[in-house]
Amino acid sequence: MSYKKTGRFDKRKADELRPIEMEVGVLPNCTGSARVKAGKTTAIAGVYGPKEVRPKHLQLNDKLLIRCYYDLISFSVTDRARPGPSRRSRELGLVIKNALEKSIFVEDYPKSMLEVFVEITEADAGSRCAAITAASLAVADAGIQMRDFVPAVAAGKIDDLICLDLTKEEEDVHDGGGATDIPVAYIPSIDEVTLLQLDGKISSKELIEAIKLGIKGCKKIHEMMGKTFKENYKIKAVKE
Amino acid sequence: MMEIKVKDKSIVTPGELIAANVEFSGADEEYRIKMNNGIYKKGSNVYASVVGIFKENGLKVIQLSGSYIPRQGDYIIGKVIDMSFSNWFVDIRGPYEAGLRISEASTKYLDTDKYDMSHYFDFGEYIFAKITDITDSKKISLSCKESGLGKLEGGIITRIDPSKFPRLLGINDSMIDMIEKLSNTKIEAGHNGLVWIKGPAEGVKKAKEAVKLINKESHLTGLTEKVEKLLQGGKK
Chain A
1 MSYKKTGRFD
11 KRKADELRPI
21 EMEVGVLPNC
31 TGSARVKAGK
41 TTAIAGVYGP
51 KEVRPKHLQL
61 NDKLLIRCYY
71 DLISFSVTDR
81 ARPGPSRRSR
91 ELGLVIKNAL
101 EKSIFVEDYP
111 KSMLEVFVEI
121 TEADAGSRCA
131 AITAASLAVA
141 DAGIQMRDFV
151 PAVAAGKIDD
161 LICLDLTKEE
171 EDVHDGGGAT
181 DIPVAYIPSI
191 DEVTLLQLDG
201 KISSKELIEA
211 IKLGIKGCKK
221 IHEMMGKTFK
231 ENYKIKAVKE
Chain B
1 MMEIKVKDKS
11 IVTPGELIAA
21 NVEFSGADEE
31 YRIKMNNGIY
41 KKGSNVYASV
51 VGIFKENGLK
61 VIQLSGSYIP
71 RQGDYIIGKV
81 IDMSFSNWFV
91 DIRGPYEAGL
101 RISEASTKYL
111 DTDKYDMSHY
121 FDFGEYIFAK
131 ITDITDSKKI
141 SLSCKESGLG
151 KLEGGIITRI
161 DPSKFPRLLG
171 INDSMIDMIE
181 KLSNTKIEAG
191 HNGLVWIKGP
201 AEGVKKAKEA
211 VKLINKESHL
221 TGLTEKVEKL
231 LQGGKK
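Same order as they appear, the protein sequences are chains A and B. Residue numbers are given in this note's numbering: position 100 of the first sequence equals residue 100, and the series is strictly consecutive. Residue numbers are given in this note's numbering: position 46 of the second sequence equals residue 46, and the series is strictly consecutive.
Hints were generated in silico from the structure; no laboratory data involved. Warning: the hint list may mix true and false statements.
Reference excerpt, derived from the structure (chain B facing chain A, CB under 8 angstroms, subset only) [stated by the list, open to error]:
{"hint": "1", "residue": "GLY15"}
{"hint": "2", "residue": "GLU16"}
{"hint": "3", "residue": "VAL50"}
{"hint": "4", "residue": "SER103"}
No more than 20 angstroms apart at the CA atoms, straight line, and that leaves these computed lysine to aspartate or glutamate pairs for EDC-like [what the hints assert, rightly or not]:
{"hint": "5", "chain 1": "A", "residue 1": "LYS234", "chain 2": "B", "residue 2": "GLU217"}
{"hint": "6", "chain 1": "B", "residue 1": "LYS9", "chain 2": "A", "residue 2": "GLU231"}
{"hint": "7", "chain 1": "B", "residue 1": "LYS7", "chain 2": "A", "residue 2": "GLU223"}
{"hint": "8", "chain 1": "B", "residue 1": "LYS138", "chain 2": "A", "residue 2": "GLU223"}
{"hint": "9", "chain 1": "B", "residue 1": "LYS205", "chain 2": "B", "residue 2": "GLU180"}
{"hint": "10", "chain 1": "B", "residue 1": "LYS5", "chain 2": "A", "residue 2": "GLU223"}
{"hint": "11", "chain 1": "B", "residue 1": "LYS42", "chain 2": "A", "residue 2": "GLU192"}
Covered, in the sense of this in silico footprint (three residues per stretch, anywhere, with C-beta under 8 angstroms from a C-beta of chain A), are these stretches of chain B [said to hold, decoys possible]:
{"hint": "12", "segment": "40-49"}
{"hint": "13", "segment": "57-71"}
Glycine residues also receive a C-beta, built at the ideal position from the N, C-alpha and C atoms.
Using the sequences provided together with the hints, build the complete structure.
This is the structure in structure tokens:
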């Protein structure tokens, strides 16, 4: 079976994203917050800070300390996820932090800390990408000085078809070459990839093609992120 | 020749190109023009670094949200959270704690032999002070050696987003003066977003509502009229 001929399960084109919803300022107690829904994946991010560093020994004297927490809520997947921190959530916390750090002017906030909490309330593949996008929107909502937003999206390969934004169904394909998942986070204004992971098998030529497709998807998401803020303030203005 | 890419008073987001072909003296590859301006430079282009309203005059972005970042010369309202032999430690709702030395606490001589430190400023009390100095290691020094500064007795404390503080003050303090006059209260507002209101209960309630309204609608025009209407509405 060739997916190049039959197309994808949800009839999307190879370079088509899932429908994305974005919203900022969803949590009133946070300094900044955002919600991102891509297809059936939802991430809610909350940012607190900059604030005093606790515990004190983690304090960095020349730059901002960013701590990220990723959490998959137990009802977000079909098999109940075990609640609480896990090896996976620690890894993703680090991955989100590394993706965001490059975009923030960390040297502006020495000796302080920024805490980013991301909760995944619905997971249908690509949760780390939705998490990074939501976290980046939340950081911008918190008024932190930053170079740019960090959009993220997964590129990948289903059997022989290189495509964008895989769903769980597509990720679980085993026939032919199987499925490959390549999450990409890309900062447009400094032209840098800050997240690149690979799960599966892919040839080097196809990998480059997939990364290019991922960057293209990131640019589309980046546009939406800017629009989200503009509309957020416009809607507030219209309501009066 | 500098080319401005966005409209004056439009909302910009981080990474948005504001101006191209900008010439600056002492240009680095990525040169932060001024921390407070909400912009950064890369090559010969200028980008926004925060979500805010772009002001063509002065080439800056006025932030719409965010927490408080202390700056020298700010007037702040802080809460006393700790004290040592000759220092008070004050929570100013920022990323760093501030210190108030006893020699800076009042224009008068404070005698610690006669009274305890808590006689002057006790735990949990709010003070109105000025930030006199911030060192490179982010040690913040406060001073109350100016008229109007010192302990805030009585009254209530309410909050506003620090980024909306200029709107609460208005041009030449016009907005805050108007609220004080119409609600018959006394108001002190700190750059860190705490607002202290004192006066008759009715007036305090109204002033609090006015502050809330400013917090909600700071980025809209015609705010002064709205606040005036709100404050006068109760009188009729």
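*Earlier hints that do not hold, by number*: Structure breaks hints 4 and 8.
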